[in-house]
Every structure is written in structure tokens, then in C-alpha cells.
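When the letters of the sequence shown are read in order and numbered with UniProt numbering, they come out as residues 1 to 107.
For the record, the hints were derived by calculation from the structure and aren't laboratory data. Please note that the accuracy of each hint is not assured.
[Said to hold, decoys possible] No farther apart than 25 angstroms at their CA atoms in a straight line, the calculated lysine to aspartate or glutamate pairs in the DMTMM-like style are these:
#1 Lys83 <-> Glu101
#2 Lys97 <-> Glu53
#3 Lys98 <-> Asp24
#4 Lys83 <-> Asp14
#5 Lys97 <-> Glu72
#6 Lys98 <-> Glu30
#7 Lys83 <-> Glu29
#8 Lys83 <-> Glu33
#9 Lys97 <-> Asp7
#10 Lys97 <-> Asp14
#11 Lys97 <-> Asp24
#12 Lys83 <-> Asp24
#13 Lys98 <-> Glu44
#14 Lys83 <-> Asp47
[Said to hold, decoys possible] Computed Cβ-Cβ distance ranges for the label pairs, DEER-style:
#15 Gly37 <-> Glu94: 16 to 24 angstroms
#16 Asn59 <-> Glu79: 25 to 33 angstroms
#17 Ser3 <-> Tyr51: 29 to 37 angstroms
#18 Lys98 <-> Asp24: 15 to 23 angstroms
#19 Val32 <-> Met57: 30 to 38 angstroms
#20 Gln4 <-> His86: 30 to 38 angstroms
#21 Arg104 <-> Glu30: 31 to 39 angstroms
#22 His86 <-> Arg58: 15 to 23 angstroms
What you are looking at is a predicted structure, and each value in this text was computed from that prediction instead of being measured. Heads up, the beta-carbon is just placed ideally off N, CA and C, and yes, glycines get one too.
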Amino acid sequence: MNSQYQDLLNVLHDCALSCNHCFDACLGEENVEMMSGCIRLDRECADMCSYLEQAIMRNSPFISQLAIVCAEICEACAEECGKHNHDHCQRCAEACKKCSEACRAAA
């Protein structure tokens, strides 16, 4: 694995954790139906961050392309989570923004 991606790996891991936490917390909210878009994007984002993390660790030749897709998913998740006042959503939005920036820089 190329050590140039160590910071990105950390950000990806943190983003996936935040998205998974948000996903779980959204399921416990009073109006789960209202949270469906957030839940869906949390899952997409966590999965993509985890996939890119794995791709980096195995030195995939598609890291740049995957990083662009990951950035787009993170941006969509940040936008959706940012619409909700719940603390877990706001923290997730921040983690996603940070991850999107790191992915774009790596691409």
C-alpha cells in the first residue's frame, strides 16, 4: 500500500463510522419515514468509503476513479444530513464534507 494515502484512509474510516452511527440513530428517530433519504445515503456513503479504503489497501489501479465517485456520494450524504437538526446528522454531514475534500484531493 502506498503511504501517500494514509491520511485519506483515516478520513474514509471516520466517515464510514459516522455514516453508520447516523444510519443507526436515524432508525431510532420518531419519524423514521422522514429520515429515509438520510438513511439511504448513510448506507451508500459508508459502503463506498469502506470500499475505497479496501481498494487503497490492495493498491487498486482505480483509486482515482473511485475517489471521485466517493467524493460525489459523500457530498450528497453531507447535503442530506445537513438538512436535519439531529446532532448525529450534523456530525455525519461534517465527516462527509471532510471526506469529500480528501477524496477530491487524492483523485
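Each hint tested on the structure:
Distance check on the hinted pair: Lys83 and Glu101 sit about 20 angstroms apart at the alpha-carbon level, within 25 angstroms; holds. Pair hint Lys97 plus Glu53 holds up; C-alpha atoms about 17 angstroms apart against a cutoff of 25 angstroms. Using a Cα cut-off of 25 angstroms, the hinted pair Lys98 and Asp24 holds, with the two alpha carbons roughly 21 angstroms apart. The suggested pairing of Lys83 with Asp14 holds, with an alpha-carbon distance near 21 angstroms, which does not exceed 25 angstroms.
For the hint linking Lys97 to Glu72, the alpha-carbon distance of about 10 angstroms falls within 25 angstroms, and the restraint holds. Our distance criterion of 25 angstroms between C-alpha atoms is broken by Lys98 and Glu30, whose separation comes to about 29 angstroms. With a C-alpha separation of about 15 angstroms, the suggested pairing of Lys83 with Glu29 holds against the 25 angstroms cut-off. Our distance criterion of 25 angstroms between C-alpha atoms is met by Lys83 and Glu33, whose separation comes to about 15 angstroms.
Using a Cα cut-off of 25 angstroms, the hinted pair Lys97 and Asp7 holds, with the two alpha carbons roughly 15 angstroms apart. Under the criterion of a C-alpha separation no larger than 25 angstroms, the hint pairing Lys97 with Asp14 is consistent with the structure, at around 12 angstroms. The straight-line distance between the Cα atoms of Lys97 and Asp24 is roughly 20 angstroms, inside the 25 angstroms bound, and the hint therefore holds. Distance check on the hinted pair: Lys83 and Asp24 sit about 17 angstroms apart at the alpha-carbon level, within 25 angstroms; holds.
A distance of roughly 16 angstroms separates the Cα atoms of Lys98 and Glu44; the hinted pair therefore holds under the 25 angstroms criterion. Our distance criterion of 25 angstroms between C-alpha atoms is met by Lys83 and Asp47, whose separation comes to about 21 angstroms. Against the hinted window of 16 to 24 angstroms, the Cβ-Cβ separation of Gly37 and Glu94 comes to about 18 angstroms, which satisfies the hint. Distance hint for Asn59 and Glu79: a CB-CB separation of about 32 angstroms, consistent with the stated range 25 to 33 angstroms.
Hint check: Ser3 to Tyr51, Cβ distance near 20 angstroms, so the stated range 29 to 37 angstroms is violated. Between Lys98 and Asp24, the C-beta spacing of about 20 angstroms keeps the proposed range 15 to 23 angstroms intact. In this structure, Val32 and Met57 meet the distance hint of 30 to 38 angstroms, their C-beta atoms being roughly 34 angstroms apart. Take Gln4 and His86: their Cβ atoms lie about 36 angstroms apart, and the range 30 to 38 angstroms holds.
Remark: the range hint 31 to 39 angstroms for Arg104 to Glu30 is upheld by a beta-carbon distance near 36 angstroms. Between His86 and Arg58 the beta carbons are some 35 angstroms apart, a value that contradicts the proposed interval 15 to 23 angstroms.
Violated hints for the displayed structure, listed by number in ascending order: 6, 17 and 22.
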